[in-house]
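S.K.: Given next are the chains, with one letter for each unit.
Number of protein chains: 2
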Amino acid sequence: MKIFDQYQTMVSQAIEQYKFTNGPSELYEPINYIISHGGKRLRPMMVLMACDIFGGDMKKVLKPALAIEFFHNFTLIHDDIMDEAPLRRNQPTIHTLHGINTGILSGDALMIKAYQFFEDLEPELFKKCIQIFSETGALLCEGQQMDMNFESRANVSYRDYMLMITYKTGVLSAAALKIGALIAGTSEEQAQLLYNFGLHTGIAFQIMDDYLDVFGKQEQFGKKHAGDIFENKKTILYLIALKFANEEEQKELNFWYSKKTDNIDKIYGVEKIFRRIKVDEKVQRLIHRHNEKGQNYLKKIDLPIEKKQPFIALTNYLLKRDS
Amino acid sequence: MKIFDQYQTMVSQAIEQYKFTNGPSELYEPINYIISHGGKRLRPMMVLMACDIFGGDMKKVLKPALAIEFFHNFTLIHDDIMDEAPLRRNQPTIHTLHGINTGILSGDALMIKAYQFFEDLEPELFKKCIQIFSETGALLCEGQQMDMNFESRANVSYRDYMLMITYKTGVLSAAALKIGALIAGTSEEQAQLLYNFGLHTGIAFQIMDDYLDVFGKQEQFGKKHAGDIFENKKTILYLIALKFANEEEQKELNFWYSKKTDNIDKIYGVEKIFRRIKVDEKVQRLIHRHNEKGQNYLKKIDLPIEKKQPFIALTNYLLKRDS
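Residue numbers (numbering that gives the first Met the number 0), protein chains in the order written: chain A, 0 to 322; chain B, 0 to 322.
Derived from the structure by calculation, the hints contain no laboratory data.
Mixed in with the good hints, there may be bad ones.
Derived DSS-like pairs: lysine-lysine, alpha-carbon spacing no greater than 25 Å straight-line [unchecked claim]: (1) B:K62 with A:K127; (2) A:K58 with B:K127; (3) A:K127 with B:K59; (4) B:K58 with A:K127; (5) B:K242 with B:K265; (6) B:K259 with B:K242; (7) B:K281 with B:K292; (8) B:K299 with B:K127; (9) B:K307 with B:K58; (10) B:K127 with A:K127; (11) A:K292 with A:K271; (12) A:K59 with B:K242; (13) B:K39 with B:K250; (14) A:K242 with A:K258; (15) B:K299 with B:K250; (16) B:K62 with B:K39; (17) A:K265 with A:K39; (18) B:K292 with B:K265; (19) A:K62 with A:K216; (20) A:K62 with B:K281; (21) B:K281 with B:K232.
Could you put the whole structure together from the sequences, leaning on the hints where they help?
M.R.: Here it is, written out as structure tokens:
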């Protein structure tokens with residue numbers, strides 16, 4: 000989207016500018032590889048946007064924006080090892096190319112480098128940002144652990160799930176916005192409003208991802224239709240279905256989710272229950288609720304409405320997907 | 000040693016006090032496990048000692064001391080995965096007990112928690128400490144990568160090796176001392192002298208470890224005699240031997256170090272060359288040189304000699320081992 004182009008360009012240029020050129024190359028080349036292969040780079044963009052709407056110094060916020068992107072990529076490197084994922088962004092993952100040891104160590108180094116990218120800030124601001132950064136990092140680890148726990152746990156509550164996606168997806172976007180706002184020199188209160196906007200928008204985005212897995216237009220989404228059902232993932236769709244299912248439907252859901260199979264009957268069976276229970280509508284309502292919460296926080300921010308346009312555009316971009 | 004008892008007690012109590020009690024337990028229990036199983040806890044003790052000799056507030060330095068210990072343990076958790084080590088301090092390693100995924104993630108969380116343990120410091124001091132901490136962390140990763148590279152590299156230079164052990168062993172002890180001194184409110188210059196003392200003492204300690212592997216009294220050292228030779232590790236002993244070996248000896252060394260074997264002839268063969276070349280004397284001189292460098296830095300510190308006694312005692316404890 001045009002409104003984002005300037006920020007995206009800034010992020011790309013900064014990534015190019017701050018490539019790691021020191022050795023050992025076995026450690027830093029994999030880092031350059033994953034960072035340069037991009038992805039949407041939404042999080043660093045959000046840091047820049049947040050700083051910009053509060054009239055901050057864009058030069059000052061560039062390295063902290065990269066810090067957020069580095070941190071995100073550090074979690075991807077380690078998550079890909081844990082998930083045994085062969086591909087990321089259509090490229091071989093680092094541990095696939097260089098082995099698990101390099102994956103672990105490159106991830107570690109990238110995390111530490113992320114911390115270093117705040118060091119140009121003055122001490123007061125440095126401390127504020129690092130505190131948010133560490134708190135966010137700890138929550139991300141907790142979210143990842145919860146996600147792994149769910150795989151082997153029979154009963155995952157709706158509350159557990161919401162907490163997991165809040166930690167795994169919501170907090171880093173929220174932190175990106177808050178850090179950007181603080182670097183612009185805004186008040187803690189205003190920055191927190193933007194944080195809360197980011198948190199709920201991030202949650203809505205993640206629920207949307209679950210939704211699109213089953214109800215999206217697959218040809219654009221680029222993923223296997225209903226991959227989460229095949230994988231027995233306890234997504235919000237499954238949890239809502241289980242909650243509203245009658246005894247017979249519960250039995251059928253439990254039956255399908257207890258076996259790993261590529262049998263297409265599984266998808267038909269599960270989706271029939273999803274439709275009967277109107278899971279799609281219920282999930283859409285949930286997305287709407289979090290989106291609305293997010294927008295309400297955005298409204299409370301003490302800035303003219305036209306300043307907030309980039310964030311409204313961002314929300315639309317994230318949540319008006321149909322695939 | 001008696002002089003260290005008070006510090007050791009403080010460290011133990013702090014570890015007990017700051018145990019992780021929040022969830023998910025699958026993430027934090029392994030952390031509590033490795034932290035509570037101790038080891039020598041030299042690094043946090045060094046933070047306390049450094050603060051103490053400069054008359055600092057011991058309450059203020061306690062959590063930063065734990066940060067150093069946490070960081071050290073984070074590296075151990077990840078290194079043990081990379082080395083496929085089944086045991087650490089005679090206890091099963093975390094990845095052995097809980098799998099590689101838990102090892103990776105617990106290590107990550109522990110690193111982040113380490114950063115958080117500086118947060119009680121005022122912004123100026125916080126920033127100084129975090130900068131040292133991150134710089135040290137990055138060097139540790141680089142040292143670990145160099146160490147892994149050496150395994151498959153035919154020619155490792157003396158300089159490469161010294162850099163590797165400086166990064167892997169020297170910098171964290173040095174950083175521990177500097178951070179303790181800075182928290183006590185001493186000048187950058189004085190803190191740096193203590194850093195340099197720690198760096199060279201740490202290097203001497205690591206070379207001593209290599210030395211004792213072959214020339215130590217094995218019954219106390221608790222390790223397999225000449226384990227490094229069995230493992231073809233390119234230690235300083237090997238590098239010095241190779242440097243001073245004649246053509247025939249070089250051939251024999253290359254022969255033995257190109258094969259993994261438990262054949263006792265290998266040890267006899269290699270040790271004979273080591274003795275002929277007087278590797279033991281040469282390595283002792285190297286240890287002595289770094290120890291002396293360290294002591295010279297210690298001397299330059301602007302404190303009465305009796306204040307420095309704990310560090311002289313520490314050096315003796317570390318370097319006067321015969322096993």
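S.K.: Checked against the structure, which of the hints given earlier come out wrong?
M.R.: Numbers 11, 12, 13, 15, 17, 18, 19, 20, in rising order.
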